[in-house]
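Protein chains: 2
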Amino acid sequence: MSSKIRIGIAGYGNLGRGVQAAISKNQDMELVGVYSRRDPQSLELAQPAARYSVDDLAKHVDDIDVLILCGGSKSDLPEQGPQLAALFNTVDSFDTHARIPEYYESVDAPAKAAGKTALISAGWDPGMFSINRVYGEALLPDGETYTFWGRGLSQGHSDAVRRVPGVAAGVQYTIPSQEAIEQVRAGLRPSLSTREKHQRECFVVLENGADENNVRQEIVSMEHYFDQYDTTVHFVDAQTLATEHSDMPHGGFVIRSGNTSDSQKQVIEYSLALGSNPEFTSSVLVAYARAVHRMNRAGITGAQTVFDVAPGLLSPRSAAQLRADML
Amino acid sequence: MSSKIRIGIAGYGNLGRGVQAAISKNQDMELVGVYSRRDPQSLELAQPAARYSVDDLAKHVDDIDVLILCGGSKSDLPEQGPQLAALFNTVDSFDTHARIPEYYESVDAPAKAAGKTALISAGWDPGMFSINRVYGEALLPDGETYTFWGRGLSQGHSDAVRRVPGVAAGVQYTIPSQEAIEQVRAGLRPSLSTREKHQRECFVVLENGADENNVRQEIVSMEHYFDQYDTTVHFVDAQTLATEHSDMPHGGFVIRSGNTSDSQKQVIEYSLALGSNPEFTSSVLVAYARAVHRMNRAGITGAQTVFDVAPGLLSPRSAAQLRADML
Chain A
1 MSSKIRIGIA
11 GYGNLGRGVQ
21 AAISKNQDME
31 LVGVYSRRDP
41 QSLELAQPAA
51 RYSVDDLAKH
61 VDDIDVLILC
71 GGSKSDLPEQ
81 GPQLAALFNT
91 VDSFDTHARI
101 PEYYESVDAP
111 AKAAGKTALI
121 SAGWDPGMFS
131 INRVYGEALL
141 PDGETYTFWG
151 RGLSQGHSDA
161 VRRVPGVAAG
171 VQYTIPSQEA
181 IEQVRAGLRP
191 SLSTREKHQR
201 ECFVVLENGA
211 DENNVRQEIV
221 SMEHYFDQYD
231 TTVHFVDAQT
241 LATEHSDMPH
251 GGFVIRSGNT
261 SDSQKQVIEY
271 SLALGSNPEF
281 TSSVLVAYAR
291 AVHRMNRAGI
301 TGAQTVFDVA
311 PGLLSPRSAA
321 QLRADML
Chain B
1001 MSSKIRIGIA
1011 GYGNLGRGVQ
1021 AAISKNQDME
1031 LVGVYSRRDP
1041 QSLELAQPAA
1051 RYSVDDLAKH
1061 VDDIDVLILC
1071 GGSKSDLPEQ
1081 GPQLAALFNT
1091 VDSFDTHARI
1101 PEYYESVDAP
1111 AKAAGKTALI
1121 SAGWDPGMFS
1131 INRVYGEALL
1141 PDGETYTFWG
1151 RGLSQGHSDA
1161 VRRVPGVAAG
1171 VQYTIPSQEA
1181 IEQVRAGLRP
1191 SLSTREKHQR
1201 ECFVVLENGA
1211 DENNVRQEIV
1221 SMEHYFDQYD
1231 TTVHFVDAQT
1241 LATEHSDMPH
1251 GGFVIRSGNT
1261 SDSQKQVIEY
1271 SLALGSNPEF
1281 TSSVLVAYAR
1291 AVHRMNRAGI
1301 TGAQTVFDVA
1311 PGLLSPRSAA
1321 QLRADML
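Same order as they appear, the protein sequences are chains A and B. Numbered per the numbering used here, the first sequence spans residues 1 to 327. Numbered per the numbering used here, the second sequence spans residues 1001 to 1327.
It should be emphasised that the hints constitute simulated quantities derived from the structure, not laboratory data. As the structure is a prediction and not an experimental result, all values here were calculated from the model. Wrong hints could be hidden among the right ones.
What the hints assert, rightly or not - So the derived list for chain A, only partly shown, Cβ under 8 Å to chain B, looks like this:
no. : residue
1   : Ala22
2   : Lys25
3   : Met29
4   : Val32
5   : Pro101
6   : Leu140
7   : Thr147
8   : Gly150
9   : Arg151
10  : Gly152
11  : Leu153
12  : Gln155
13  : Ile175
14  : Glu269
15  : Ser276
16  : Ser318
Stated by the list, open to error - Derived CB-CB ranges, DEER-like:
no. : chain 1 : residue 1 : chain 2 : residue 2 : range
17  : A       : Ser318    : B       : Asn1214   : 47 to 53 Å
18  : A       : Leu43     : B       : His1097   : 29 to 35 Å
19  : B       : Glu1182   : A       : Gly156    : 39 to 45 Å
Just so it is clear, CB atoms sit at the ideal spot from N, CA and C, and this is done for glycine as well.
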């Protein structure tokens, strides 16, 4: 019997690919296989691994310690999360903030009934940013929390741009306001409007015959997505888009600014500068798979969030090693 | 019976004063009293509270949910920690890094025997910085962790300066190298010598007749404390020292830089800019008192560190509230 933590990957898009890369960076883990709804033989893996159909999962319940769900939050996870939590310990990155309580309940019941542990909504936001919002508020109860995103590629906003008539291709970057960040860092606890916190920048390839001004106007006035922001639209050719805008960088800042007494200000800042958003999210999922494996062995079952996981459970080091080397 | 968490403070120096201020910022807590080795009636409290002798503690075991130990790591805590963990749930800021494993054992046995929970070594380093070192390493296993301290007043180095013959008074600031930080932020994973990471700056009041050059030479060549650093010594008068150098600011940076694949770099940064080092440390102790109270009620006893405490336990919000509002 293997002493490594045996991981399965359900879904092989950007996240699944990132999870495969992250497993190879963790010596105490091994990849059992990639499970896809596509024909497994058609999957082109970044590194060699066993390829299976998702229909094979039920036959592999004894071979997998933790299954990492790499599907999307819109349609994949609401269906797969509850189903697979009845068979496996799971980790996912469900990120529709408003629906988290409902998703939590839907996963908690089957996981508890099966004695499994299901960690939902891991990643960086929700995930590491959420943890830092909680730490910040608890440590400085008299204070304000600010979250800034970017500079980074937003998938949702890029999709919105691409739906505009006349747009052949395009991407959108979210840009945090440096001025707003400096006010927050200075402990001024400013009130900031949506427009004052972030700007948006689009790089768009037009369809033949489309009009720049019409397309720009459609984008900048789009409700919810762009109308509350200052948005810049750049028109580029397909070649430029492919060479200069194919990476998926992202990141941001969670800043808590507060007072511990009338005269003393304190500022806590957590920031991420990510070369690849999906690869970092995947790394987080893999670290939480280690924690989930341990929690399940300790009898902690049902749905869990990053708020429920002690930091030491993420580390391959023992508690005694952590105390000696990391405290 | 009170529904608030009932806190006792053992020791009333800078930390004890900070804990008293922090309790007043947390609506779910109340201060039972301040316990001192000094004559309680001689204690001048920043805010009104009951004053007791430490000898009264044993009589108050039923009145206190968590006792926060505000003594020093050199002589107070090694003695008080094990003794008081046999009577109370405790939180302390034991910060002699090299002796933490030994201190942990000395507290763990009496706490376990008494069914009490003892959280050791809370604060920011050890404490929040330690947590971020563990998260960083777990999320980016192929990477390097860098800790920078400052700009801030170092108590230990200030004490060392004041022991130099000819020095009437003085303080020492630790200053992180901006150049080194920028290299780390850029994901270059540099090898940095002690001298390249921090500089030291001293403000010194001379005794009558003392020689500037002699004193400067004594300071900058002092083994361990200064000889491995570039140190600047400024001579000031007593008035300037009192007006410009009586605050206790501190802070620093924990940066993890790593690769999730050959082509992708990721950087995680946690930083603190603290107006008052002792007040922030105190705020951390108070938040962990809430966690200790909950852990003890859940049957988790013995010595604990910040690595063992799930983030959600620090928050006054319920787990369901946290999921709905903070994830």
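Verification of the hints:
1. The restraint placing alanine 22(A) at the interface with chain B holds, with a minimum CB-CB distance near 6 Å, inside the 8 Å limit.
2. Interface restraint check: lysine 25(A) against chain B, minimum CB-CB distance 5 Å, threshold 8 Å, status holds.
3. Because the closest C-beta pair between methionine 29(A) and chain B is about 10 Å apart, greater than 8 Å, the hint is violated.
4. A least Cβ separation of about 20 Å between valine 32(A) and chain B goes past the 8 Å threshold, and the interface hint is therefore violated.
5. This hint holds: proline 101(A) has a C-beta 5 Å from the nearest C-beta of chain B, less than the 8 Å allowed.
6. Of the supplied interface hints, the one on leucine 140(A) holds, with its beta-carbon coming within about 6 Å of a beta-carbon of chain B, less than 8 Å.
7. A hinted interface residue such as threonine 147(A) counts as satisfied when its beta carbon comes closer than 8 Å to some beta carbon of chain B; here the least separation is about 11 Å, so the hint is violated.
8. Annotation: interface hint on glycine 150(A) violated; nearest CB of chain B at approximately 14 Å, more than 8 Å.
9. With 8 Å as the threshold, the beta carbon of arginine 151(A) stays out of range of chain B, its nearest partner Cβ sitting at about 13 Å, so the hint is violated.
10. Taking 8 Å as the C-beta cut-off, the interface hint given for glycine 152(A) is violated, the closest approach to chain B being about 12 Å.
11. Interface restraint check for leucine 153(A): the shortest CB-CB distance to chain B comes to about 13 Å, outside 8 Å, so the restraint is violated.
12. Of the supplied interface hints, the one on glutamine 155(A) is violated, with its beta-carbon coming no nearer than about 17 Å to a beta-carbon of chain B, more than 8 Å.
13. For the restraint placing isoleucine 175(A) at the interface with chain B, the shortest Cβ-Cβ distance is roughly 18 Å, beyond the 8 Å limit, so the hint is violated.
14. At its closest, the beta carbon of glutamate 269(A) sits 5 Å from a beta carbon of chain B; the interface hint therefore holds under the 8 Å criterion.
15. Among the interface hints, the one on serine 276(A) holds; its C-beta lies about 4 Å from the nearest C-beta in chain B, closer than the 8 Å criterion.
16. For serine 318(A), the suggested interface contact is broken, since its CB lies about 11 Å from the closest CB of chain B, more than 8 Å.
17. Taking 47 to 53 Å as the suggested C-beta distance range, the pair serine 318(A) and asparagine 1214(B) conforms, at roughly 50 Å.
18. Taking 29 to 35 Å as the suggested C-beta distance range, the pair leucine 43(A) and histidine 1097(B) does not conform, at roughly 48 Å.
19. Taking 39 to 45 Å as the suggested C-beta distance range, the pair glutamate 1182(B) and glycine 156(A) does not conform, at roughly 32 Å.
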